[in-house]
Amino acid sequence: MKTIYITGHKNPDMDSVCSAYCYAKLKQKIDPDINYIPVRCGHLNKATKQLFQQLGAIPPDFLKDLRPTVKEIVKSEKKQFHVHDPVYEIIRMLNERTVSVSPVFDDLDNFVGLISVDEVTGFFLREHAKERPKYHFRIDNFQRVVPGEFIKRGENNTFDAQLMTGAMPIEVSRKRIEKILPDKPVIIVGMRREVVDYAVEHQFPAIILTGYSPGEYPEYDFSAFKGTVYLSHLDTAETIRRLRLSLPVRNLLNEDIPRVKASEFFDDVKEMFINSEYRGLPVFEGDTYIGYITRRSFIDRPKKYVILMDHNEYRQSIRGIEDAEVVEIIDHHRLALEKTRYPIYVASSPVGSTCTLVYEHYKKHQVTINPVIAKLLLGGILSDTVMLKSPTATSLDRHIVKELANIAEISDIQTFGEEIFKGGLVLTEEDPESIITADFKIYDEYGCKFGIGQVEVITLENVEEVKEKLLYSLEQIKLKRSLSWVMLLITNVIKENSILLTTPYQGIENKLMYKMEENGKFLLPGILSRKKQLLPEILRVLEEQQGR
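Under our numbering, the first residue of the sequence shown is numbered 1, with each subsequent residue one higher.
These aren't lab readings, by the way, just hints derived from the structure by calculation.
All figures in this text were calculated on a predicted structure; none of them were measured in a lab.
Among these hints, one or two may not hold up.
No more than 25 Å apart at the CA atoms, straight line, and that leaves these computed lysine-lysine pairs for PhoX-like [claimed, not checked]:
no.: 1; residue 1: Lys521; residue 2: Lys389
no.: 2; residue 1: Lys402; residue 2: Lys364
no.: 3; residue 1: Lys422; residue 2: Lys511
no.: 4; residue 1: Lys478; residue 2: Lys441
no.: 5; residue 1: Lys422; residue 2: Lys467
no.: 6; residue 1: Lys532; residue 2: Lys402
no.: 7; residue 1: Lys495; residue 2: Lys532
no.: 8; residue 1: Lys441; residue 2: Lys480
no.: 9; residue 1: Lys64; residue 2: Lys478
With these hints in hand, go ahead and build the complete structure from the sequences.
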């Protein structure tokens with residue numbers, strides 16, 4: 001099933017989070033064939049967290065990056081081999097199917113390694129080396145590769161031995177066997193009593209009798225023999241060929257191969273893989289094996305699909321957005337769209353909140369809004385419009401607030417809004433940098449790259465206690481982000497006024513129209529909106545400065 005992530009901006013406020021959550025619920029109802037997942041790409045503020053908790057709703061999960069990862073290309077091969085399986089079955093699999101590797105597991109179903117055509121090729125190359133090869137035999141595998149039956153099972157289920165054919169005169173066979181002593185071979189022999197007797201006398205690990213039809217048995221006495229006797233229904237040549245392939249898969253494995261984490265990025269692993277000798281690599285989540293990747297896994301680059309809420313600029317969005325395909329934008333800010341490969345759906349309107357637009361989409365598709373969704377949308381609108389007091393609030397916002405309050409059975413909208421803001425941060429209890437960056441926007445105008453953070457509180461009485469710490473943090477953020485000017489707008493949502501803290505910038509901060517109470521601190525009565533009230537004044541002084 002295709003997945004589409006729905007995300008707000010880097011500094012998720014209540015409108016950003018609630019709109020993403022509610023729009024995902026809507027999209028899932030009208031388009032159930034796609035998996036819509038609301039996510040956030042920043043810290044969840046206290047007020048938003050409290051609202052979700054009160055409603056028993058699970059807020060969007062944090063998604064750090066949209067770049068494709070190994071997990072998106074991992075293969076989970078249904079055919080799995082056991083360490084004791086014969087090589088013969090691996091060769092059959094490679095011949096019948098197009099897979100290049102297959103995982104191998106032990107008795108406890110723990111991943112051991114990957115078997116590929118490279119290991120099989122290496123096995124055959126060793127077969128043709130100058131020295132006579134010694135094989136690791138597991139007698140349980142005899143019947144899996146050679147049609148026939150056991151006459152007797154030996155004391156040892158596994159052993160190492162060379163293969164030898166008893167087709168020569170007994171004198172010649174003895175001389176050849178004596179050359180490899182003290183090692184004793186597995187003897188493959190037809191109806192040659194003297195060779196069989198010699199093998200029994202010297203207690204070879206196994207005797208493979210060939211040339212017998214089903215139901216036909218040899219008249220030999222194996223009562224004193226401690227090894228294995230197996231009756232093959234194949235001829236000697238074919239029996240030898242298959243016995244060579246009876247050795248356990250484990251003997252071919254290279255268990256010391258790199259392990260790839262499922263969270264590693266596609267591009268990083270691809271570069272490493274291309275420069276490696278491996279045909280396949282195992283993939284793990286923690287200590288758990290989840291599948292493997294091969295070179296073919298990197299032919300097509302996976303892509304994520306995204307709907308942007310409450311923003312439309314890549315620089316404000318989740319990391320890796322450039323690698324994703326944006327399919328929709330729902331926003332109430334100015335448009336600064338990136339170029340898209342295909343036409344997309346854009347819903348943009350100069351209203352006070354993205355949640356207002358989401359509400360309209362519910363009405364458009366005639367989807368019923370339940371009380372939980374109604375309260376989340378209501379919280380987003382009241383938060384973003386400062387309880388409809390901000391100049392960004394429109395008549396449509398006010399009308400929708402009334403409708404949502406009716407659905408949610410909220411009789412006192414003012415009290416509901418105040419409770420939301422009371423659940424927000426307290427200046428004296430938070431880290432200064434977190435206060436500034438929780439809702440922080442960067443602008444680049446008139447040759448000045450500057451940033452403005454905004455925090456909404458229910459009292460300005462404790463600003464003086466934290467003023468110096470906040471001013472210091474403003475300077476640090478300016479350095480970290482290579483900005484020329486950084487400000488923090490602290491807004492009292494109850495009394496509808498603000499305080500502006502600012503770093504110095506070429507002295508033009510003193511030309512703002514607001515009353516400067518002291519260096520770096522301005523009083524802004526009646527100012528609630530960063531976008532419609534503070535920003536135009538900042539742009540005015542920058543334009544005048546540039547004009548000079």
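How the hints compare with the structure:
no.: 1; hint: Lys521 <-> Lys389; result: holds, 23 Å
no.: 2; hint: Lys402 <-> Lys364; result: holds, 18 Å
no.: 3; hint: Lys422 <-> Lys511; result: violated, 34 Å
no.: 4; hint: Lys478 <-> Lys441; result: holds, 13 Å
no.: 5; hint: Lys422 <-> Lys467; result: holds, 21 Å
no.: 6; hint: Lys532 <-> Lys402; result: holds, 24 Å
no.: 7; hint: Lys495 <-> Lys532; result: holds, 18 Å
no.: 8; hint: Lys441 <-> Lys480; result: holds, 15 Å
no.: 9; hint: Lys64 <-> Lys478; result: holds, 24 Å
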